[in-house]
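Mind docking these for me? Both chains are given alone in their own frames, and the hints should help you get the complex.
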Amino acid sequence: MKVEISRRKFLQGTVSMSVVGATALSTSLLSSEESSTTLPKSLQNSKTNHTNSSKVATLCEMCVNKCAAIANVENGVVTKLDPNPMFPKSQNMLCARGNAGIQALYDPDRLKYPMIRIGKKGEGKFKRVTWDEAYEAVLNGTDDFPGLAKILEEEDNRSTIGYCAGEGMAEHTYKTFMANKFGSTNFINHASICLQTAISGYSLTIGGYGQADLENARYVIMAGANRAEAIVTPDTMNLFKRTRGRGTNLVVVDPRYTNTAIHADTYLQIKPGTDLALVLALTYHAIKKVIYNQTYVENNFSGFEEYKDHIISSNYTPEWASEITDIPATQIMKIAEDFMAYAPQSIYYQGRRTTWSQNDFQLRRAQAIFTALGGGIDIKGGIVFGKKLPLDDHEVNTPLYANALGRIEKKEAKIVGASGSWIAWRNMIAEERASYPVRGFFVYKQNPMLSVPNIAKTKTMLEKLDLVVVIDTMPSDTVMYADVVLPECTYLEREDPIKSFAGAEPAIVLRNKVIEPMYETKPVIEIMRGLSKKLSKPLWEITKKFDEDVQEELEDADSEEEYYEEAGFNLTDAFTHSQEDINKHMFVPKYGEKAWQILREKGVFYPEMENGFKKIDNNTYQYYREDKKYHTVIKLQDESQHEAIDTCVNPREIAELKRIFNTSSKKVTCYLASMKKKGIDPMPTWHDSEYIKVPDGKFKFVTGRHAQFTQNSTQNNTMLLELMNENHVWINDKEAKKLNIKFADVLEITSSVGKVRIKAYPTARIIAQTIFYVHGFGAHSTGLTFAHMNGASDNQIIEDRIEPIFGSAIMHDTIVSIKKV
Amino acid sequence: MEHVKNYAMALNYQNCINCKGCEVACKEENGVQLGADKQRIWVGMVEGSIFGKPFVNLYPSQCNHCIDAPCVSVCPTNASHVVDGGIVKVDPQKCILCKGCMEACPYDARFIDDVTVAVDKCTFCDHRIEEYGTTSCQATCPTKVRLFGDLNDPQSDLVKLLKTKKFFFQKEQEGTLPKLFYILPDDETYARQSVSADTLIHTWDDITNSYGIIDEKRS
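These protein sequences, in sequence, are chains C and F.
Taking this note's numbering, the leading residue of the first sequence gets 1, the next gets one more, and so forth.
Taking this note's numbering, the leading residue of the second sequence gets 1, the next gets one more, and so forth.
Isolated chain F, as found in the complex (with noise of 0.2 Å):
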């Protein structure tokens, strides 16, 4: 029988090198409306400097698809749903903009597209991943950040790639139970740089149960 998927997302965010070809993609794979404040994707920069030498960390996001998500629980029309494979939706259709999704939102997520005049959001590219098995973020990416996947499915490159790494999340104490993993460095002073001290780091076998991962053992 089918397993039920639960879609989620790796990223080796220390490969990443700015240039935005996951943005483009993303616009022109879902036809998003064009505006820098229409994002469904993005690369988040944080610039500093210890003892005088500068550094940057670069962090690509896009909607958690978070698994306890609040858009979809403050959502009064429904318009905000989870569809198969655990992804996070807007049904523009039933969309009023009241917003409160976008207030719920952690990670600001979420933005009006004013041709549908809707809220708009990431989708995991879910009428791409029959044909290609990933998002367009993921392949076009030239250094490969992403790894898309399904958590329930332990064959799957995600899955394999998780039980052998760290990896954060982030606001994780939003308790939404996000699904962006961000895969800690094996450099001790490049995961210092990039991970604050209060960030909780996990393993597989501790979010396994917290995540509702289906265990092949069991299932």
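With the rest of the complex left out, here is chain C (with noise of 0.2 Å):
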């Protein structure tokens, strides 16, 4: 099929200069019938001499972040996507692939119409079939292989069909398809190869992940976390506007010199995988110069004095972390006197992508107490966890099964939540070591083939699998094992679900449909329209036969078909509404007709807005009025005291105040009953047993993210090849010369589990026995032209072992050795 690259047609000659940078202020968003008058020049409707040219509000989908974009469409082609300066959380940018999102809407090798498969199972070889084709091969399957139908007679046990979803605002609705309507367990999304153990570490800790303010941090400590590299808003554009002496003292721990690193005060190269010794050295040190905020820790804190002893007890000395970590005990020291100075304002960063190595829940837990030891939680430059601008719910009538079983995995590590254990789940998959059988899979917007540690592993569980489906835009390594492929339109193309962001400037945004789908690919609510339609009624025919409890309750119901309706197995009643129908009801009865309208046109609002927001200089925007903000929300103990949040100038007064937190103990929790008995550390202890040493002449491998690229979505896109062609192995230079090791050299790495070849880049920018390549390349789909066998993966070669606690995916703990070919 025939796809033009789309490219901004470049007005030439003659442009009027004579206004510039018009500043109009938005003064009554909500009241001013004029309002569009009043708005910044860029959100106005563009009065160009182009006859169909229109500017829409969206939302990024590039990576998580969701920034607010306004397209350019020009006679229906997308032509530009700018930043929409409105929404608090990502304030006025677009990154590299923000902007390089027109390729993805473009990219000629898009997922265009349905597939069923050909050839052999991971050969890419498929059939173009209609919608309701590719419908009944989910339901009956083909010659090839067989549908749901026949799987559920066989099995009687809708658990039987797994299912996974990769972050995104229309998650939910596939979930409620998979979860509450179809009625299968065994779930499992990005956390566990994310950022599972740290949600969990501050929640059972401090109560709540939160975020952190670094617009008014005045100190902190990053460690592994790379901001620059790996955007997150609105931290990546807080933090950097404020390093080097201009109110925030940054202090990086990595054992790469990355380009988060370039913008510290202090950086300090750290060993892989010894993280949680400095953290405790840092707690020994303020807790044995008593320079932590005791009446914090008198009011706030649970468990301090077993804490305490156990800390010093242990002897977590700073000479002892040094031993370790290789940070001199000096710094150390340093550190932990400046963090405690600047508290509560200091905060230890919480960091996304964790599970580095064994220990990595209580290395989180351990951040979260040294944090709180400065008072630094619910505070202005602290960790806060601001406000949730409440949207009404969408209420789904879920049907019972009598025999959906439990998911596989939930004994595999001590707490596998409903989100599930990644490699533990594939694992008894692939293993055949499953308590019964899951033979059929749903995969929407993920691609486990790249995505989760030993692609061998992968690979052998999807062909195991009777049925695989797969809902994607393109065609990634997952797709090549698909059945049934269902193409989903770009986040271009569609109206999701509405979302509200909590955060110290809450906002609610919606995500317009800029132009129709390409091709003959749907918005995700439209392909489970579809398919719940086809699969309602055969599928209840198949409850009817074998759940007694259904055949019992149908014994005393006045009708079948009135059964059916109320007790929620007509599947397609999830689906009536459309998405605009669906996010309007959700929305109006909390904000009214006008804030929605202002919601569709500018694709942001918040109550705030009307009098907050306002333009400052091309740069800055103020969305909320400083007294306006939610910094501090949690509910204080003595309730009169409030008024002192107001009116206090001291921000230790006001982190000292007593609160109730969402926690176990409502206090901060140092000791966590629960987990000892489940044989858990109850406290964050060291245990030299679960640090990796790298053997001579090997190394360890560590993995991480890239400004340029998110995850193994990007692979494809020729904006951003421009920018980064390929991936290339860090090795330090000084060990690369020993080896002989020059610039681009090829080198094969080998682990355990696999091996890539991959060109190296010695550096003195990484730490020694250690090497590095970033996420995202490699892919061996023959349907992606430009990603196909570009640079290598590094889940080819991550063993594949989890954390005791959740099942996380341990990233930062395979040892490889390279060679030169």
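Okay, derived cross-link-like pairs now, DSS-like style, lysine-lysine, Cα gap no bigger than 30 Å in a straight line:
1) 175(C) x 388(C)
2) 53(F) x 819(C)
3) 388(C) x 144(F)
4) 55(C) x 144(F)
5) 144(F) x 165(F)
6) 163(F) x 614(C)
7) 175(C) x 411(C)
8) 742(C) x 53(F)
9) 759(C) x 38(F)
10) 693(C) x 53(F)
11) 698(C) x 53(F)
12) 144(F) x 513(C)
13) 499(C) x 144(F)
14) 144(F) x 387(C)
15) 112(C) x 55(C)
Stretch-level coverage of chain F by chain C, calculated; a stretch enters the list once three of its residues show a Cβ under 8 Å from a Cβ in chain C:
16) 10-18
17) 129-139
These aren't lab readings, by the way, just hints derived from the structure by calculation.
Cβ atoms here follow ideal geometry from the backbone N, Cα and C, with glycine treated the same way.
Given below as structure tokens:
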């Protein structure tokens, strides 16, 4: 199929220069009839000569941040994406990937129509079919694979069909179908290969993951996190405008001298896998020298005495940590002292893609407690929880199935939650260890072939499954193993569920559809609607045949049809309304029609917008007036002290007020008795046995992100490949010299689970005995013209080990050998 | 009466994280030819180490739209020319690809566009100025490195900034009166690390004459 790659037609010749940078401000968004004339020029409909040009407020989906964007459309073609400055979370930016969203829309390799496998699994041979034929194949299969009907007849267990989803605004729509209506418990999402340990560590310790207030923090320790290359809004923008003597002291701790490290006031090169020792020593020094906030601890800690005894008696001294981490003891002491001097506006940054080694949960707990020792929780300049603007619910009539069994990998780790453990789940299927057969698998917006450690096992799993259905926009490596491929449209071609973002400056955002879906692609809500229509009655017949609870209840029911509807077995009823209607119903009862118009037109709404939003200059906007921001939100033990928050000028005094935290002890929790019962350390503890030493001549492999690529979803994007055309492996320059490795030499890297070939980048920017290359390259899919066999995939060599508590994938503990080829 | 405009760009380069949002925004906005060597705008990178500690300096850059532009004076066909606002442009119809301008430019800010078969370069997004008041590269920047504006407008954000900060130019000794103003970091350590010893440091008052700034008191 021929696709035109879009290019904004460059307007040549005479350009009028008479008006520059009009800065009309929005003074009364809600009440003014002529609000469009008081908005910044960039948001007004353009009055150019193009007969069919328009601007549509939308939300970026090139990564997880959801920055607000304005799409310029000329004659039905999206010609440019600009930042939409009205969203407090993304402020006024669009990164390289956001700008390159046009290439995701017009990528010639896109999945364009439904397909059914006709070749061998993994071969990538498909037949183009109609949507109805595709749905039919999901239900009844083909000569090459069985459909849901046959599998469910044989198993009578809805959980025999597993499903996974990547992060996205419509993940919930897909889950509504798979979990609520279809009824499978076997769900896995990205959490166990992302930030599960950090979320859980912070939640159990201080009552939530929160958000680092980097706009106001005065001292920030950023360990392993890389906000310059793994952009997170608003952290990235707020941090890098304030380093180097401009308000924030930034300490970066990383085995690599990253683009974040180049902005640091202090950079500490640490041995990978030793961060917990560093945090414990910082804690030791703060406690030993009594430089922590004693009033705060007295008011807001539980189990502090035990923790103090544990830290001191374990002798977690800076000297001890120095041996383990390679960071000088004097530096550890100085950082502990400076951190506490700037507290409560001091943050040990939580981290995002975490789980580097076995002790990761304890590391995140130790970080949270250390931050709390300074009082930097629920306070301006600390970790804040903010407010979330409420939305109405969209109710789903959920049927009950008697025979849907629990998830297969529940016992593979101490606490496997509803988002699962990717590695454990996959391995049980690949190794045929599950207590019942999982025979089918739905994949939405995720590419497990490249995103889960040990690719060979993911391949085995996909080959063993009888039915694999993949919903995606691109022919990923996982699509190659699909039996049925359902093409989703890109984010610029659909309206997604409305979303409320919590924070100190909360807002509600809407992703408007910019253009109609191209080819035969559909948004996931329409795919679910079509699928449920096809499946509902046939699956109901199977339920009636096997489900004894249903049979019993049917006997008492007036009519079968009525029971089918009322008990929720009509799978289509969750998808009868359009996304537009659902969004309106979730929003209008709370905020009214006028606000709805603003949200629809501007893509953003929050009540404070009317008075708070104003343009300061071409770079800067104000969103909330200072006194309207939600920095301190936790309930106080003594409600009458609330006044102090407004009147107090000393942040230390605000921090010290007694709060009712959202934890089991209602306080900052040092000691977790519930964990002890499960055989988990109740307090962060260092175990030498958990640290993986690097044998002589070998290397530890670490991975990471890059500002020009998102996971493995952008690797075919030509505009981004311009900026970085393949990944290279970082190796310490001195070690490279010894091994006679020069830039661009091809190296073979081998671990116990696989090997790759990749070009070398010798550099002083990485610690010895460690190699690194960025995630997101090395696709094998023949459907990806530019990404095919380009660079190397990290998960080809990362071993499939999980940390013992949540079953999260350990990403930084694989030992590899390297060889020049 | 409308005053004569003189557009320029200030770069708070210490904010740069090398995300290259500006490069992609420029390519998408202006339909710049694909290819790593086809850049109207780029991020210069200097890596080094001081006493064994690594450092990296980032210098986002583009055409300086020099007041005394050697690319314009060398052009035999007047393809390179200056338009209103003091913006240096190329008329692809007149360009004969003699590449004299590419040789003359001290900043290597020009390249050949194989589609128009002419030299191409930054235009300060002059087609956007009326509607947006700024360039695509400034608008998109996550950490707000750039600030575009009119040197002759004392009320512009640009002039207000330049009056409060020290700044320097790249290759000032070439004598072309470049208009990318690199804002000197307040932090002395970083300033020393990122500015070479022989670079001249300026203030607003000492450049107003040479840059022909029209002072509001005189106009």
